[in-house]
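K.L.:
Listed here are the chains, written in short residue letters.
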Amino acid sequence: MNSAIVQRTGVLFADWMANWGRVVLDGVETVGAMTLFAWKTLRWMLAKRPPPESLWPNLYQVGVLSLPVVALTGTFIGMVLAVQSHFQFSQLGLESRLGAVINMTLVRELGPVLAATMLAGRVGGAMAAELGTMRVTEQIDALDSMGANPIHYLVVPRVLACLFLIPTLTVMADFMGFVGGYGYSVAILGIDEHYYLYNSEQFVEAFDLFAGLFKSFFFGAAIAIVSCYRGFHCRPGAEGVGHAATSSFVISFVLILMLDLFLGILLDSFYYTVWPQGASLF
Amino acid sequence: MMLTDSSTDVNQPLLHLQHIRVRFGSYTVLRDFTLEIPRGQTLAIIGESGCGKTVLLKSMIGLVRPEQGKVWFNGLELQQLNEQELTRERIKIGFVFQQAALFDSMTIGQNVAFPLRHHVRMNAAEIPSHVVDRLAEVGLPSHVVLKKPVELSGGMRKRVGLARALILDPELVLYDEPTTGLDPIMSDVINELIIRTRSRYTVTSVVVTHDMRTARKVADRIVMLTPVDQLKDGESQIIFDGPPSELERIQDPRVGQFVRGEAGSRLTEVLH
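Going down the list, the sequences are from chains A and B.
The first sequence begins at 1 in my numbering and counts up one residue at a time.
The second sequence begins at 1001 in my numbering and counts up one residue at a time.
One or more hints might be untrue.
Claimed, not checked - Pairs of lysine-lysine residues, derived as DSSO-like cross-links and limited to a Cα-Cα distance of at most 30 Å, are as follows:
#1 B:Lys1217 / A:Lys40
#2 B:Lys1217 / A:Lys48
#3 B:Lys1092 / A:Lys48
#4 B:Lys1232 / B:Lys1092
#5 B:Lys1147 / A:Lys40
To be verified - Just so you have them, the derived chain B footprint on chain A, three or more residues with Cβ under 8 Å:
#6 135 to 142
#7 147 to 158
Worth flagging that the hints you see were computed from the coordinates, not collected in a lab.
Values in this document were obtained by computation on a predicted structure and should not be read as measured data.
Virtual Cβ for every residue (Gly too), placed ideally from N, Cα, C.
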């Protein structure tokens, strides 16, 4: 009886281990394949100019069509920050520093992350679905059969569009967040305009803006590579296309937050190494 | 690597697949598969769904890379070619896809002109007339150039796919299920276009189909495949290789069953 239970437990444990092993192996294989995909994309980016008929629509899609939604969300995030910070800061009698905390948070963190999240949702999902549909309907094979490399023709323009335009979207999110935070703080919360602007100017440095923009390049590259990879490796059928779109957003979002953490640590270390007497809120 | 000294030797087969094996995961689609296709021949590849016809067709142009074996086109081994060399060879091959595979984002004119714009140094003003000529050859009026693929019927899309495949005057045209999903009249139109294409351009053609009417009408030679999991050890995947006229005389019941379209024992398998 006991030996049967031990044997059964052993089998269950072996199955459990095998399942985890499969998950880990699949994960390693996907990371490897995605790295090779990124490497091929980089090689094509350096080897040949992207086809203009493919580049311009992507620049329009990523840049122009994403602007309104990034601007709108940026404005609301600025206002939300004002609402949330005001109560805490008023307890300490530091309402006049509201401008510093709102704008620093926006420029260093929320602006880049928000713009990247919007890009991942609005553009990344669409890229994965579009390329996935092209895979399923053999349009990618058709490109290959006509001697047009699909990575050069389809992936490079999308990666370039994300890389070049995500900083402008980040600046838009930063600016509209500033407008929203300023408007709410001054017009509704009654914070003194002079101190709001003075503190913002004192504490938000050019390095903060640089840090946000620097991170946004990595976010843009991650979104484009992940979305294109998921589209290129889409499973057949409507379900496959749906899965490619959803998984591209989920993976991009996780990557954005992971990159944000590691790049934040790296940039802070760099900043305090170069300028040990950095600005402080208090 | 060259198969012979001259890549344009007319006696040498245009396409030669040697002992190729293609697997997807643990599923073997093609096993030790060998086939030679002489220049000028129209070969129909028939067989039940899932027997590897489309995979075979894609192996011929390097869209699917065999795990083992070699594919020679024009005396050149495709696996040994670099990106540029492979591109140079691929543009000598036209591929007509099952669902036409037209680019949704482009107009019909842009679709048909795509190979020209990418591979031929041609004055941009000359391209539209070439496109219109090719479309006329497949029976499509010039005004379709401004339409998008979604605005066309299935038969029209297939004909656009054929016009696009022919725009660079290929030496080899590969057709993947050219008549699937079409009504009998449009199927016959496509069959006639395949025959006219061969006579007009003296191309070599490979037609993957399970439409016996198409196979009999267009082919000089028919090859029938069977799925690997239905083969005995050491048995060839090709269970028929000959002219259409010999199809009726063959003794293999699998061939007869397919040609006559009889369910036979397969019905029992499906129901149990």
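K.L.:
Against this structure, judge whether each hint is valid.
P.N.:
Tested hints:
Straight-line distance between C-alpha atoms of B:Lys1217 and A:Lys40 comes to about 44 Å, which puts the hinted pair past the 30 Å bound. Straight-line distance between C-alpha atoms of B:Lys1217 and A:Lys48 comes to about 45 Å, which puts the hinted pair past the 30 Å bound. Taking the CA atoms of B:Lys1092 and A:Lys48, the gap is about 23 Å. The hint holds against a cut of 30 Å. Under the criterion of a C-alpha separation no larger than 30 Å, the hint pairing B:Lys1232 with B:Lys1092 is inconsistent with the structure, at around 37 Å.
Taking the CA atoms of B:Lys1147 and A:Lys40, the gap is about 34 Å. The hint is violated against a cut of 30 Å. Counting residues of the stretch 135 to 142 of chain A whose beta carbon lies closer than 8 Å to any beta carbon of chain B gives 5, which meets the minimum of three for the stated coverage. Judged by the Cβ-Cβ criterion of 8 Å, the stretch 147 to 158 of chain A is covered by chain B as claimed, because 3 of its residues qualify and three suffice.
In summary, the structure is inconsistent with hints 1, 2, 4, 5 from the numbered list given earlier, while agreeing with the others.
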